[in-house]
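Generate coordinates for the entire structure from the input sequences, incorporating the hints supplied.
Number of protein chains: 2
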Amino acid sequence: MTARPANAHQARLLRLLRDGGPNSRAQLGDQVDLSRSKLAVEVDRLLETGLVVADGLAASRGGRRSHNIRLAPELRFLGVDIGATSVDVAVTNAELEVLGHVNQPMDVREGPVAVFEQVLAMAAKLKASGLAEGFDGAGIGVPGPVRFPEGVPVAPPIMPGWDGFPVREALSQDLGCPVMVDNDVNLMAMGEQHAGVARSVHDFLCIKIGTGIGCGIVVGGEVYRGTTGSAGDIGHIQVEPDGRPCACGNRGCLEAHFSGAALARDAEEAARSGRSPELAALIEAEGFEGRLSAADVATAAAAGDAVALELIREGGNRTGQVIAGLVSFFNPGLVVIGGGVTGLGHTLLAAIRTQVYRQSLPLATGNLPIVLGELGPTAGVIGAARLISDHLFSPA
Amino acid sequence: MTARPANAHQARLLRLLRDGGPNSRAQLGDQVDLSRSKLAVEVDRLLETGLVVADGLAASRGGRRSHNIRLAPELRFLGVDIGATSVDVAVTNAELEVLGHVNQPMDVREGPVAVFEQVLAMAAKLKASGLAEGFDGAGIGVPGPVRFPEGVPVAPPIMPGWDGFPVREALSQDLGCPVMVDNDVNLMAMGEQHAGVARSVHDFLCIKIGTGIGCGIVVGGEVYRGTTGSAGDIGHIQVEPDGRPCACGNRGCLEAHFSGAALARDAEEAARSGRSPELAALIEAEGFEGRLSAADVATAAAAGDAVALELIREGGNRTGQVIAGLVSFFNPGLVVIGGGVTGLGHTLLAAIRTQVYRQSLPLATGNLPIVLGELGPTAGVIGAARLISDHLFSPA
Numbered sequence: 002m003t004a005r006p007a008n009a010h011q012a013r014l015l016r017l018l019r020d021g022g023p024n025s026r027a028q029l030g031d032q033v034d035l036s037r038s039k040l041a042v043e044v045d046r047l048l049e050t051g052l053v054v055a056d057g058l059a060a061s062r063g064g065r066r067s068h069n070i071r072l073a074p075e076l077r078f079l080g081v082d083i084g085a086t087s088v089d090v091a092v093t094n095a096e097l098e099v100l101g102h103v104n105q106p107m108d109v110r111e112g113p114v115a116v117f118e119q120v121l122a123m124a125a126k127l128k129a130s131g132l133a134e135g136f137d138g139a140g141i142g143v144p145g146p147v148r149f150p151e152g153v154p155v156a157p158p159i160m161p162g163w164d165g166f167p168v169r170e171a172l173s174q175d176l177g178c179p180v181m182v183d184n185d186v187n188l189m190a191m192g193e194q195h196a197g198v199a200r201s202v203h204d205f206l207c208i209k210i211g212t213g214i215g216c217g218i219v220v221g222g223e224v225y226r227g228t229t230g231s232a233g234d235i236g237h238i239q240v241e242p243d244g245r246p247c248a249c250g251n252r253g254c255l256e257a258h259f260s261g262a263a264l265a266r267d268a269e270e271a272a273r274s275g276r277s278p279e280l281a282a283l284i285e286a287e288g289f290e291g292r293l294s295a296a297d298v299a300t301a302a303a304a305g306d307a308v309a310l311e312l313i314r315e316g317g318n319r320t321g322q323v324i325a326g327l328v329s330f331f332n333p334g335l336v337v338i339g340g341g342v343t344g345l346g347h348t349l350l351a352a353i354r355t356q357v358y359r360q361s362l363p364l365a366t367g368n369l370p371i372v373l374g375e376l377g378p379t380a381g382v383i384g385a386a387r388l389i390s391d392h393l394f395s396p397a
Numbered sequence: 002m003t004a005r006p007a008n009a010h011q012a013r014l015l016r017l018l019r020d021g022g023p024n025s026r027a028q029l030g031d032q033v034d035l036s037r038s039k040l041a042v043e044v045d046r047l048l049e050t051g052l053v054v055a056d057g058l059a060a061s062r063g064g065r066r067s068h069n070i071r072l073a074p075e076l077r078f079l080g081v082d083i084g085a086t087s088v089d090v091a092v093t094n095a096e097l098e099v100l101g102h103v104n105q106p107m108d109v110r111e112g113p114v115a116v117f118e119q120v121l122a123m124a125a126k127l128k129a130s131g132l133a134e135g136f137d138g139a140g141i142g143v144p145g146p147v148r149f150p151e152g153v154p155v156a157p158p159i160m161p162g163w164d165g166f167p168v169r170e171a172l173s174q175d176l177g178c179p180v181m182v183d184n185d186v187n188l189m190a191m192g193e194q195h196a197g198v199a200r201s202v203h204d205f206l207c208i209k210i211g212t213g214i215g216c217g218i219v220v221g222g223e224v225y226r227g228t229t230g231s232a233g234d235i236g237h238i239q240v241e242p243d244g245r246p247c248a249c250g251n252r253g254c255l256e257a258h259f260s261g262a263a264l265a266r267d268a269e270e271a272a273r274s275g276r277s278p279e280l281a282a283l284i285e286a287e288g289f290e291g292r293l294s295a296a297d298v299a300t301a302a303a304a305g306d307a308v309a310l311e312l313i314r315e316g317g318n319r320t321g322q323v324i325a326g327l328v329s330f331f332n333p334g335l336v337v338i339g340g341g342v343t344g345l346g347h348t349l350l351a352a353i354r355t356q357v358y359r360q361s362l363p364l365a366t367g368n369l370p371i372v373l374g375e376l377g378p379t380a381g382v383i384g385a386a387r388l389i390s391d392h393l394f395s396p397a
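Taken in sequence, the protein lines are chains F and P.
So the first sequence is residues 2 to 397, counted in this note's numbering.
So the second sequence is residues 2 to 397, counted in this note's numbering.
If you want the footprint, here are the derived chain F segments under chain P, 3+ residues with CB under 8 Å:
hint : region
1    : 226-235
2    : 325-334
3    : 355-361
If you want the footprint, here are the derived chain P segments under chain F, 3+ residues with CB under 8 Å:
hint : region
4    : 233-244
5    : 348-362
It is worth saying that the hints were derived from the structure and are not from the lab.
Remember, it's a predicted structure, so these values are computed and weren't measured experimentally.
Every residue gets a Cβ at the ideal spot worked out from N, C-alpha and C, and that includes glycine.
Laid out in structure tokens, this is it:
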């Protein structure tokens, strides 16, 4: 795909077709502020670019039947969501429906060259399975702050070797298509907004609790990235003066007290000290691979292990304390909780809700749903496809 | 003024003339995306409404000289900034220049009827002095959350009797002109953005430390109000688990530990217990009216009183702790500190800066000025005039 919309009207039409699927010219005309003749001109130009194709006659609304149009069915986007310990790669059509999705374990600390070799192999596999002949664009999420205009990670605490690596430029050459790069948490927010629990919400927060903790901020339907692209970096908000030392050099950061990594450490400590029989049993079980995970804590909690339950509750309290402050400050319409740790489920959610509803003012919490994300690991790849489609469906 | 711009182009032209003052048609043409002939049509229509008038010939740019236009010089806006203990009323021209400004002590707890009687008397006084024949619009700031579309205060903790009072409707009848109502902190942010320290900044926070504490949030040049209008309500973020009881019913809120009201209480306690000789001397001085204020603490600190200095430093630390979290979350381009307590000056600012620069990540603080507001008590009234002008200079 080399064509881009020539003006804002064409861009608007492309996004309507992306978000709403095939539609009749008549109904598109109702949705955009264009006269019938001007709409016809813009649609004809889009048909010429090949981005849009005719799709038969629409159902009658009385009078002459209108023609349906849709985005070209052969358009393909690649969505890549790089986490700290695994990577998701998916291919979507232009309506951002996932046609194929693969997940592999991966260590982000191996650096960009090794990680992208793996990503390209995964993309090639998706192609080989017949889902795509090539890609018209790719969106990439990385687990750290990104200088957004250039698509370059900046001083990412859990990604040594990535600082300043030209992800956008390098991948764009390797894949032969336009690439956009963003923080993984922003992509999760965009995914839940496009196809998940935040569909009709304009101002919301999306908290991702994985190896680290971050927050996607959506204002007026758009991701807010802040002045230098680090907005939402809530993992290093202090929750305990003189608390635990954190990788960032400070003490008492939220991430040092609760995150996938902190939870694994606490769980292992509880197992080895004998305080938690369930966690100890997991470590001693056959096939144990040397590290406890959030999923193990969830398993132990489900079996009634008091220490595991307490770890989840305490983490929820601390996270809730931070979210309560953000709710007072930002007055969102929805808070979405996602990421690997959501396997901890309703014990975690209950602790978070209690803190927020107790500490924030009633005016801000009166009608504030706090919910788990709906899409799980697909949120990030759909968000990545959405990111690149927003770029391509903008005037060149 | 009954006329309103008929379309977005006219609105844009009015705002350019408001923000930049008189200008030539040629230079306005450079700033808006309109052909010469379309620009001429829109300018002629604005001249017909009387909102805009001709203002002589512009300086030559080579070729035929262009005509200057400007906003009608007789347009008048009323800006009203209601605080907890005093009220500011000012009249501005359409370029938001303050032509007259009066301040009077007032107690917001006397309720809206008494307060607006006083405000109307102050407005009448400004009129009587020949500054205005009438008002073309008025902006009103109140020290609490506002349901913005309706212009109605909602459950304001320090404003008993105001909950649900139809400020916009009532004042619009009394003044005979359109009225818009907002939180006082949002108006301070708009004032500093229009004419103060935040002039060219698109994403910034404006912290007002007065009787209470609040935060104005500007995103992409526009005030962000949140889903229910309570965004920026940071006074009740918890800074001390099991800390002091707060008027809101919780414990350990920022406002309970540091604000004009908390500072006055702490200062009196220090004076009466004999820990602070300077503050004790102020209480015992002739003419003392029964309450110490932030200004008294500033006086004592300037005289080297250790307790006064410690009160300011501790308050700055707590405020800085909250701001550090907001900076990590929001990644602003600027933090402005304003409100009555800014009389505490650089001791306060230094304590806030230390906390923020220590606790927030370098990527967010690398190029983050934290400064005092430039406009003092004029910020609110200019912001109020800006609020109503934004409304009037929008398509009807």
